[in-house]
Amino acid sequence: MNIIERLKERFEVLIAEKKRKDLLIIETTKKGLIPMLFYLKEYEGYRTLTLISCVDWIEDKKFQMSYILWNFRMKANIIVKFMLDRENPDFETVYKLWPQAEAYEREIHEMFGVNFEGNPTQNEELILEDWDNIPPMRRDFDTLKYSMEKFGEREPKSRINIRKEISEQYDEWRRK
Amino acid sequence: MGLKEVLKPLGAWRQIARKPHTILVPKVHREAAERYRGFHVNDLGKCIGCGTCAAVCPNEAIDMVKIEGIEGKKGDSGFRPRIDYGRCCWCGLCVDSCPTTSLRMTNEYIWIREAPDDFVYIPGYDIKGFEQKEKGYRKDKEHSFTDYHRVPMREKEPEERLQTFAEVVLGYTEEEARKEADRCIGCGLCISGCPDRMHIPDYIRAVASGEYERSVNIMYENNPFAELCGKVCTRRCESYCSLGNEGDPVAIRWLKRFATERFSDLKEVIRARKQELKDKSVGIIGAGPGGLTAAYYLALRGYKVTVYEAMPEAGGMTMAGIPKYRFPLPSLKKQVEFILSQGVELKTNYFVDPEKFRNLMEIHDAIYLGVGLLKPWKLGVPGEDHPNVIYAIDYLRKVNFNESVKIGNEVVVIGGGDVAIDAARVSRRFGAKVTIGYRRRKVDMPADREEIEGAEEEGVEIWEKIIPLRVEDAPEGRVKLVYGKARMVDQGPGRRPKPVLIEGEEYEILVDRIIVAIGQQADLTFLPQEFAEKMEVERGRIKVNERQMTSISGIFAGGDVANRVADAISAIADGLRAVKGIELYFQGKS
Amino acid sequence: MSTEEVRLFIGPQHPGVTGNMSIEVLLKGDTITWAKTHIGYLHRAFEKLMERRIFIKSFPLVCRICVPESDTNEENLARGLEELADIEIPERAKWIRTLVLELSRLQMFIMWYGGIAGSMGLSTPVQWGIGDRDYILDLFEELTGGRVYHIYILPGGVRKDLPEGFEERVLKTMDLIERRLPEYDELIMDNAVEQKRLKGLAPIPKEWVEEMGITGPVARACGFPYDVRKNSPYEAYDKLDFDVITEDGCDVWSMLLVRRREIDLSIKLIREIVSKMPKGEFLTRLPNVLYWEIPKGETYVKSEATRGEFGYYIFTDGSGKPRRVHVKGPSFIHGITLLERLLVGQNIADVAPILVALQICPPEMER
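So the sequences go chain by chain: A, B and C.
Sequence positions in the first sequence follow my numbering and run 1 to 176.
Sequence positions in the second sequence follow my numbering and run 1001 to 1590.
Sequence positions in the third sequence follow my numbering and run 2001 to 2367.
The hints are simulated quantities; they were obtained by calculation from the structure and are not laboratory data.
Be aware that a few hints might be false.
Unchecked claim - Every beta carbon over 12 Å from chain A, so not counted as near; a handful from chain C, in silico:
{"#": "1", "residue": "Arg2064"}
{"#": "2", "residue": "Leu2084"}
{"#": "3", "residue": "Ile2087"}
{"#": "4", "residue": "Glu2088"}
{"#": "5", "residue": "Gln2127"}
{"#": "6", "residue": "Thr2173"}
{"#": "7", "residue": "Gly2249"}
{"#": "8", "residue": "Met2277"}
{"#": "9", "residue": "Glu2281"}
Said to hold, decoys possible - On the chain C side, residues computed to face chain B include the following (Cβ under 8 Å):
{"#": "10", "residue": "Lys2057"}
{"#": "11", "residue": "Gly2145"}
{"#": "12", "residue": "Asp2190"}
{"#": "13", "residue": "Asn2191"}
{"#": "14", "residue": "Val2274"}
{"#": "15", "residue": "Lys2276"}
{"#": "16", "residue": "Gly2280"}
{"#": "17", "residue": "Pro2287"}
All C-beta atoms, glycine included, are put in the ideal place defined by N, C-alpha and C.
With the hints as extra help, turn the sequences into a complete structure.
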């Protein structure tokens, strides 16, 4: 039995994709995630947490939470992911399983506004100081707009769009 | 650990006696490596202002600006890049993506000035002293971002072509078309070459991303004969494609052909909004591409349109003149039917004479003349009235309407335009041995390059610098062409060299038919006297203003009869322009 | 004697700190009782900016994520995009990339080797390290056109072929560096002060390595043969002959030994790469980069930087821009989770050597 079958037997596996010979992507549910991570760590040898990441699928109103684990003996990565409701981004910490999760979750809390129940330091500022807007890595945060509003136009650059300019030059004929 | 570990580090004192590794800047200038990415230089003559460098610059460091002394023209926007070195990160993506290879970098990296404005400059225009540097980062064409190689169009083998009148060009497959369309960098300079100003980059990009329906809709915004143009357009746009400067231009025509051919029923594809009906009617004389274009857009604007055509089928020259191996009949029918479905009335076999013209002036609020050129030019040599001398335009019409024509086994075609090539290739399909005689050189021939090559592949012989002198009768129903040779006389820069007859030499060729294809002229005898007097005609063409109105208000003209380009796309452009003219005319009148 | 604790900020402007970051510590006498890493001094929002750019425009950006070792970023992003867009690159491109990566590792190690001495006040090797690194930067200048930011590895291969005679010049520089190394060794390895201070400094409990996700030379100094080049070979590393270097001391001295041996290994690998370099094409044609769209997908690619496992978690959504690129720098774990725990109980004077030994690079922590 391979690992996908073993996981399917025990947990809800929505998608299982073998991306490379050493990279497996598993999608599960919010409820199934922490038990699956625990199982992978304790019984399958995926003892190392490499990365926690978050992606904003704003059109689906979802955050994708991804946990990348590393199996030292099998020399393989596994990505376990689930979709989190973007309106109520509440989840639990995995800090008890891996200490580095604390810092990763702190960053995601700051950048995406996901709330990790039980993380002791998530409310401390990591990178941003006195941030006054929505969490900046969300897709609806516009960096250029923010910077214009906050700091003003930096320099008098003509900002002409050459493609538009060329097309308009020849459009004169059409307007006649 | 012992004494050794205390003493050994002292060995570093050896360095004192050594030569230092550093160099004394600025006393010593260190020349940077051969491909170092330093300050930019730009060959302003080669640059066409396509703006690709500005589009690819990750820091918006490149601005396109107008500069003195460089005017926009066809294939050149007149803009040139200005680089802000406060933003530039020296990545060189601009160099990699420059389609003309005019922009490159030198290996110069030192530029010290007090004024910050000195760090914003136009390479090649603001002289900085390192323009002549040969060393520096540049990109060879094979490895730049631009793909200079066109996806070749598959064609039937020459032997196979001669058997039938089926289309020679096989068309792109979907994969080929998307690959070819993806080469387009979207600069839009091609638009400058298109008489109809089609939105070329937009529909090409739509093909590249597989949105064929959107692509065809973009074409129909200003061209209801997109498929016709996809097959037989003279494609002036391609001569101004920015990729054409260093490689093959994008196959704009073939891509249009690919997109339009995918849809058999245009009514399901084109989503043009028809405006409410208006109480004005327009009569259009001549159902060629120009007339029908005017009819289509007038109908969309809610006018009542009637098209009068002398021939039994609509299409004008595209019906009667273009051989079917280039432009099959079903394709024309499909496009004409779609135009008629917009509420255009068509009356065929309706030959307008002065009496009928007066009547049309009565019943319509405006008239559009798209009558084309029907009267062939004559050779003007003795013996031309010989029955074996025929005119290409009549010949092609007869072939296209399936009338019988006898041409015999050996044919000589006089002329170098597209019509001459068409007549030659049609004759080859009837099994004749064909020679084309042209008074200038082959490179001077106005016909499409690909058509000339196609004709030669099919075994058509092309003789250069031939000047017919007279036609003589020959036994067995044949005919003899006596001709002289020409030499090319230079006419100064910017002008075509002129062929001048070499006196005293005469040659002759014995053939079954001589086909004359040296052009056509307008035949305006259908105009009643009172109109003909007022109608201004200039060098054989009806004079029109910028909105296609003739000197008689209410009468508009376009197409071959009014412009000197005499191709389908110009006729379509005239038709479209006339629509706006007619609308303005109505507004002014009511 | 007072038992009062002193709160002290080390950095962000401190000669012993490896970049713009600061460490807040509580001191009891000379001994650290609590430590906290503060970052955010050079957040340039690379990840966010990449989401706003077409793929090709990201390449001049990502090389700035870690300044002294920029090629790892370019290679990772290029390889990730190639995987998502299903592009096969030519064999020669793989070898050239491997050469660039290995040269880049070597120059970083040499600079580090001087740096570890500098962190203890021995500033001569710092100058040497930067000087000798410049000979490798000369090679980069010749090959790529840039000294620090190369922007040389693009999807599809590399931007330019090796120049004429480049291989010989690489070998010559390798000989030069190899000649110089014993002088460094004399000054650093055979130095009583260094030995006394570094041996046994900041021991890392072995179980932390897997638990915490420690990678690179730090993990290898704890006896874990963790090397991405060997574990998950990329580019041409599977065709190279080498063993993973490990030491068993778990302390800063072992990290020093691992890195010293890595220098030798890099020189050996560079010679091997040069001798095995295949002929052929170095770049495959990409789709039009101005309009390049990559189908929806996600992948995690990683490579071995001098600091540890460097990973790119890339998401595409079928448009011409990435949906998200998450850069996993090894320093994130080393600089926050590990450092905060490792500093407890250490002497204040040893903060700088520990920072350098973990080789913390702040820009890759905040991207």
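Tell me, which hint numbers fail for this structure? Failing hints, ascending: 2, 14, 15, 16.
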